[in-house]
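Read top to bottom, the protein sequences are chains A and B. So in our numbering, spot 95 of the first sequence is number 124, and the numbers just go up one at a time. So in our numbering, spot 46 of the second sequence is number 53, and the numbers just go up one at a time.
Among the hints, a few may not be true.
Here are the computed lysine-lysine pairs in the DSBU-like style, where the Cα-Cα straight-line distance is at most 35 Å [what the hints assert, rightly or not]: (1) K160/A x K149/A; (2) K160/A x K98/B; (3) K149/A x K67/B.
To be clear, the hints were calculated from the coordinates, so they are not data collected in a lab.
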Amino acid sequence: MVDLFFFAIFATVAVLCAINVVVQRHPISSALSLVGVMASLAVLYLLLGGEFIAMAQIIVYAGAVMVLFVFVIMLLNSGTEVRRGRSWMATIFGIPALLGLLGLLGVFLVRWFPDSPVVKFGDFTGGTAEKIGYALFTGYLLPFEVTSVLILIAILGAVVLARKELD
Amino acid sequence: MPPIPNGVPMSFYLGLSAILFVIGVAGFVFRRNIITVFMCIELMLNAVNLSFVTFANYHKQVSGHIFTFFVMVVAAAEAAVGLAIILTVFKNRSTLNIDEVDSLKN
C-alpha cells in the first residue's frame with residue numbers, strides 16, 4: 030500500500046518531468062527537468078531494492094553528468110531554440126510511429142509478463158554495496174578493469190576535443 | 008474491482024520504463040537543439056536502467072545492478088566526450104541547430 034503510494038507519486042513526477050524535458054524550449058529548463066527524472070528514478074530504484082544503484086544514480090547522474098550539461102549550456106550561452114517550419118512528414122508519421130512503438134512495448138510486456146509478480150519493498154536485499162562490490166570484483170572483474178581503460182580514453186578524448194588550439 | 012495489492016506489480020515498473028523510453032525517442036526525433044537531443048539520449052539510458060533494476064529484482068540476482076552500473080559509467084564517459092564534441096561544433100559553426108550541422112552531406 031505504501032509502496033504503491035510512493036510508486037504513484039514518483040512515477041508521476043518522472044513522467045511529467047520527462048515530458049517537460051521534451052517540450053521546454055530552453056536547454057536549461059530541460060536540464061533541470063532531467064534532474065527531476067533522475068531523482069525520482071533513484072527513489073524507484075530504492076523501492077526495488079537497489080540501494081547502491083540509487084545512490085550512484087544521484088551522485089553520477091544528478092551530480093556529475095548534469096553539472097557537465099549545465100556547464101556546457103552556460104559556456105555556449107545558448108538561448109531558446111529557434112522555431113522553424115518543421116517537416117510535415119515528421120508531424121504526420123512521427124507521432125503515430127511513437128504511439129506504435131509504445132503499443133509494441135506494451136504488447137511485449139503483456140505477452141511476456143501475463144501474471145507479473147508483485148514487488149514489495151524489502152524482499153530483495155541483494156543491492157547493497159557489499160553484494161555489488163563482491164560481484165564486481167569476482168565475476169565481473171574483467172569488464173570492470175576494461176571500464177577504467179574506457180574512462181581513460183574518454184578523458185583524453187574530451188581534453189583533446191575541447192582544448193584551445195596551441196598555435 | 009480487484010483488491011489493492013500489497014506492493015507494486017512489476018509490470019508497472021516496466022510500463023513506466025517503456026513510457027520514459029518513448030518520451031526520450033520523441034525528444035530525440037523532434038527536437039532540434041543538439042544539447043536537448045543529447046539529454047534525451049540520457050533519458051533513454053535511464054529508462055533502460057529502470058528495466059535492468061526491475062529484472063534484477065525479478066530474478067533476485069545482482070547482475071542487473073552490475074549492468075546498470077556499467078551503463079552509468081558508459082553514459083558518463085559518453086557525456087564527457089559528447090559535450091566536448093558539442094563545444095567543438097559550436098566553436099567551428101557557431102550554431103547548435105542540428106539541421107545546420109550538415110557538412111558530411113555533400
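Taking the hints in turn, this is what the structure says about them:
The straight-line distance between the Cα atoms of K160/A and K149/A is roughly 20 Å, inside the 35 Å bound, and the hint therefore holds. Between the alpha carbons of K160/A and K98/B the distance comes to roughly 46 Å, so the proposed pair goes past 35 Å and is violated. Of the pairs offered as hints, the one joining K149/A and K67/B holds, with about 12 Å between alpha carbons and a cut-off of 35 Å not exceeded.
Violated hints amount to a single one, hint 2; each of the other numbered hints is respected by the structure.
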